[in-house]
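Participant: Sequence:
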Amino acid sequence: MRQPVLLPSTLIRLGLPLVALLGGGATAAPDGKALYTTNCAGCHQATGQGVAGAFPPLAGHVPDLLAASGGRAYVAHVVLYGLQGQINVKGKTYNGAMPAFGQLSDAQLAAILNYVSTSWSNKLPKGQKPFTAAELTKARQTKKTSAQVHALRPKTLK
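Residue numbers for the sequence shown, in this note's numbering: 45 to 202.
One or more of the hints may lead you astray.
[As the list claims (entries may be wrong)] In silico DSS-like cross-links for lysine-lysine, where the CA-CA straight-line distance does not exceed 30 Å:
no.	residue 1	residue 2
1	Lys134	Lys173
2	Lys167	Lys77
3	Lys134	Lys77
4	Lys199	Lys170
5	Lys187	Lys173
6	Lys188	Lys134
7	Lys167	Lys188
8	Lys173	Lys77
9	Lys199	Lys167
10	Lys187	Lys199
11	Lys167	Lys182
12	Lys182	Lys170
13	Lys173	Lys199
14	Lys188	Lys173
15	Lys182	Lys199
16	Lys167	Lys134
17	Lys77	Lys170
18	Lys170	Lys136
19	Lys170	Lys134
20	Lys173	Lys136
21	Lys199	Lys134
22	Lys167	Lys136
23	Lys199	Lys136
24	Lys187	Lys77
25	Lys77	Lys136
26	Lys182	Lys77
27	Lys134	Lys187
28	Lys170	Lys188
29	Lys136	Lys188
30	Lys188	Lys77
31	Lys199	Lys188
32	Lys167	Lys187
[Said to hold, decoys possible] DEER-style ranges, computed between Cβ atoms:
no.	residue 1	residue 2	range
33	Ala78	Thr137	28 to 36 Å
34	Thr181	Gly135	34 to 42 Å
35	Gly135	Ala195	17 to 25 Å
36	Ala96	Lys182	31 to 39 Å
37	Thr186	Lys136	16 to 24 Å
38	Gly135	Gln185	29 to 37 Å
39	Ala72	Gln130	20 to 28 Å
40	Asn132	Trp164	27 to 35 Å
None of these hints come from the bench; they were simulated from the model. Cβ coordinates follow ideal geometry from the N, Cα and C atoms, glycine included.
Just need the whole structure built from these sequences, with the hints factored in.
Facilitator: This is the structure we're talking about:
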């Protein structure tokens, strides 16, 4: 008995709908706003204004961090490894502790950083591009404690 031959055109017609049904193909980029709401807004608030004395504002401050020498790497390390220690933001002192979010994927962390970098009237500094998962992967290669991350804070912002 002869076996039927499936031509490439037949396979394509059968395969494409099957791939769509099974969820194959490109995946959607993580939703930075949703991830921020779930993981960050409890402390930094939905408006990015933070909580006086405990959790600093992200609104109006993230661009300053990113523009400072070493600031972009610092921000990546903060989300990966957390932050412990007193900081000053726009003349106010904060002494809360930020937990590490290294359990999130590099793509998820990049999405959060891009959200906070461009929300609440924040803008990326001139010449900077959005964060990428590859950038977080690179930052993840050097393990740090939250105290070591604190020491990385750009001197111009301490």
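Participant: With reference to the structure, classify each hint as holding or not holding.
Facilitator: Now for the hints, and whether the structure bears them out:
Under the criterion of a C-alpha separation no larger than 30 Å, the hint pairing Lys134 with Lys173 is consistent with the structure, at around 25 Å. The straight-line distance between the Cα atoms of Lys167 and Lys77 is roughly 15 Å, inside the 30 Å bound, and the hint therefore holds. With a C-alpha separation of about 25 Å, the suggested pairing of Lys134 with Lys77 holds against the 30 Å cut-off. Note on Lys199 and Lys170: the hinted pairing holds, with a Cα-Cα distance of about 21 Å set against a maximum of 30 Å.
For the hint linking Lys187 to Lys173, the alpha-carbon distance of about 24 Å falls within 30 Å, and the restraint holds. Restraint check for Lys188 and Lys134: satisfied, since their Cα atoms lie roughly 26 Å apart, inside the 30 Å limit. For the hint pairing Lys167 with Lys188, the CA-to-CA distance comes to about 28 Å; that is within 30 Å, so the pair holds. Taking the CA atoms of Lys173 and Lys77, the gap is about 18 Å. The hint holds against a cut of 30 Å.
Between Lys199 and Lys167 the alpha-carbon distance is near 21 Å, which keeps this suggested pair within the 30 Å criterion. Pair hint Lys187 plus Lys199 holds up; C-alpha atoms about 21 Å apart against a cutoff of 30 Å. As the CA atoms of Lys167 and Lys182 are separated by approximately 23 Å, the hinted pair is consistent with the 30 Å bound. Between Lys182 and Lys170 the alpha-carbon distance is near 23 Å, which keeps this suggested pair within the 30 Å criterion.
Under the criterion of a C-alpha separation no larger than 30 Å, the hint pairing Lys173 with Lys199 is consistent with the structure, at around 23 Å. Between Lys188 and Lys173 the CA atoms are separated by roughly 25 Å; this keeps the pair inside 30 Å, and the hint holds. With a C-alpha separation of about 23 Å, the suggested pairing of Lys182 with Lys199 holds against the 30 Å cut-off. Taking the CA atoms of Lys167 and Lys134, the gap is about 17 Å. The hint holds against a cut of 30 Å.
A C-alpha spacing of about 23 Å is found between Lys77 and Lys170, which places the hinted pair at or below 30 Å, so the restraint holds. Taking the CA atoms of Lys170 and Lys136, the gap is near 26 Å; set against the 30 Å cutoff, the hint holds. Only pairs whose Cα atoms come within 30 Å are accepted, and Lys170 paired with Lys134 is accepted, the gap being roughly 21 Å. Distance restraint check for Lys173 and Lys136: the Cα-Cα separation of roughly 29 Å lies within the 30 Å cut-off, and the hinted pair is therefore satisfied.
For the hint pairing Lys199 with Lys134, the CA-to-CA distance comes to about 14 Å; that is within 30 Å, so the pair holds. About 22 Å separates the Cα atoms of Lys167 and Lys136, which keeps this hinted pair within 30 Å; it holds. A threshold of 30 Å between alpha carbons decides the hint, and for Lys199 with Lys136 the separation of about 16 Å falls inside it, so the pair holds. Between Lys187 and Lys77 the alpha-carbon distance is near 27 Å, which keeps this suggested pair within the 30 Å criterion.
For the given pair, Lys77 sits about 26 Å from Lys136 by alpha-carbon distance, which is consistent with the 30 Å threshold. In summary, the hint linking Lys182 to Lys77 is supported, as the alpha carbons are separated by about 23 Å, within the 30 Å threshold. With a C-alpha separation of about 29 Å, the suggested pair Lys134 and Lys187 falls inside the 30 Å cut-off, and the hint holds. At most 30 Å may separate the alpha-carbon atoms for a hinted pair to count; Lys170 and Lys188 meet this at roughly 29 Å.
As the CA atoms of Lys136 and Lys188 are separated by approximately 26 Å, the hinted pair is consistent with the 30 Å bound. Pair hint Lys188 plus Lys77 holds up; C-alpha atoms about 26 Å apart against a cutoff of 30 Å. Taken as a hint, the Lys199 and Lys188 pair is honoured in the structure, with Cα atoms around 18 Å apart against an allowance of 30 Å. The straight-line distance between the Cα atoms of Lys167 and Lys187 is roughly 29 Å, inside the 30 Å bound, and the hint therefore holds.
Separation of Ala78 from Thr137 is about 31 Å and conforms to the stated range, judged on CB atoms against 28 to 36 Å. A hinted range of 34 to 42 Å for the beta carbons of Thr181 and Gly135 is consistent with their spacing of about 35 Å. For Gly135 and Ala195, the hinted distance range of 17 to 25 Å is satisfied, since their beta carbons lie about 22 Å from each other. At about 34 Å, the beta-carbon gap between Ala96 and Lys182 stays in the expected band of 31 to 39 Å.
For the pair Thr186 and Lys136, the supplied restraint of 16 to 24 Å is violated, since their beta-carbon distance comes to about 30 Å. Separation of Gly135 from Gln185 is about 35 Å and conforms to the stated range, judged on CB atoms against 29 to 37 Å. At roughly 39 Å, the beta carbons of Ala72 and Gln130 sit outside the given window of 20 to 28 Å. For the pair Asn132 and Trp164, the supplied restraint of 27 to 35 Å is violated, since their beta-carbon distance comes to about 20 Å.
Comparing the model with each earlier hint shows violations of hints 37, 39 and 40; every other hint is respected.
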